[in-house]
Amino acid sequence: GAVVSQHPSRVICKSGTSVKIECRSLDFQATTMFWYRQFPKQSLMLMATSNEGSKATYEQGVEKDKFLINHASLTLSTLTVTSAHPEDSSFYICSTSGPDTYGYTFGSGTRLTVV
Amino acid sequence: RKEVEQDPGPFNVPEGATVAFNCTYSNSASQSFFWYRQDCRKEPKLLMSVYSSGNEDGRFTAQLNRASQYISLLIRDSKLSDSATYLCVVNDQAGTALIFGKGTTLSVSS
Numbered sequence: 809g810a811v812v813s814q815h816p817s818r819v820i821c822k823s824g825t826s827v828k829i830e831c832r833s834l835d836f837q838a839t840t841m842f843w844y845r846q847f848p849k850q851s852l853m854l855m856a857t858s859n860e861g862s863k864a865t866y867e868q869g870v871e872k873d874k875f876l877i878n879h880a881s882l883t884l885s886t887l888t889v890t891s892a893h894p895e896d897s898s899f900y901i902c903s904t905s906g907p908d909t910y911g912y913t914f915g916s917g918t919r920l921t922v923v
Numbered sequence: 005r006k007e008v009e010q011d012p013g014p015f016n017v018p019e020g021a022t023v024a025f026n027c028t029y030s031n032s033a034s035q036s037f038f039w040y041r042q043d044c045r046k047e048p049k050l051l052m053s054v055y056s057s058g059n060e061d062g063r064f065t066a067q068l069n070r071a072s073q074y075i076s077l078l079i080r081d082s083k084l085s086d087s088a089t090y091l092c093v094v095n096d097q098a099g100t101a102l103i104f105g106k107g108t109t110l111s112v113s114s
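Heads up: the protein sequence lines correspond to chains A and B, in order.
For what it's worth, my numbering labels the leading residue of the first sequence as 809, then goes sequentially.
For what it's worth, my numbering labels the leading residue of the second sequence as 5, then goes sequentially.
So that you can see chain A by itself, here it is in the shape it has in the complex:
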């Protein structure tokens, strides 16, 4: 089946540093990638939608200068959390729409802890 590989699965970083999360579609082309964030006991909240070769669309309340998204190829999308703070500690997960029209493939998630 379709696979989206997400790395790292877990990261601990110091406050003020940046962290990059990668999502790769291994056996299909991901034109669109959705980035979600999930706080404990909360739902997955959409942060942004990226389309290959164009600027990402951010949801209301998500700072585009803080959460940098790059989708330079059909198989790779990255999310960089810049100048991370403890309140950015969360579970970040990517998802593509596809490979078929009604299917969604999720990465395995990244648990970010900022200390």
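For the record, the hints were derived by calculation from the structure and aren't laboratory data.
Since the structure is predicted, the reported quantities are computational estimates derived from the model, not experimental observations.
Keep in mind that the hints are not guaranteed to be accurate.
Taking lysine-lysine pairs in the DSS-like style, the calculated list, with each CA pair at most 25 Å apart, reads [claimed, not checked]: (1) A:Lys-828 with B:Lys-46; (2) A:Lys-872 with A:Lys-822; (3) A:Lys-849 with B:Lys-106.
Mind docking chain B on chain A? Use the hints.
Coordinates of chain B only, in the frame set by chain A:
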């Protein structure tokens, strides 16, 4: 206004029990409906899609009432392995982002 609402639970049931989860959604134009399962600290995994005619997959039965904007999931003969968080998920348009409820936590004990 929350787009997808679920009773968070937790639902604590013994093995073999039947348990039902409910969900409501706010956008009457939503097109697709799903139940996902999420284990602790893992990505969500599709349990089943939900159709207007109702659908069943083994011990799991899903129902959709578009007029009431209501979705349900029934689990029969609960197993220990059913312990997880069940997410009600709505999609307004194919290819757009999924909209998740907060999830309902189920704990099945022996």
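Against the structure, the hints come out as follows:
1. A:Lys-828 with B:Lys-46: holds (19 Å)
2. A:Lys-872 with A:Lys-822: This hinted pair holds, its Cα atoms lying about 21 Å apart.
3. A:Lys-849 with B:Lys-106: holds (7 Å)
The structure is consistent with each of the numbered hints, conforming to all of them.
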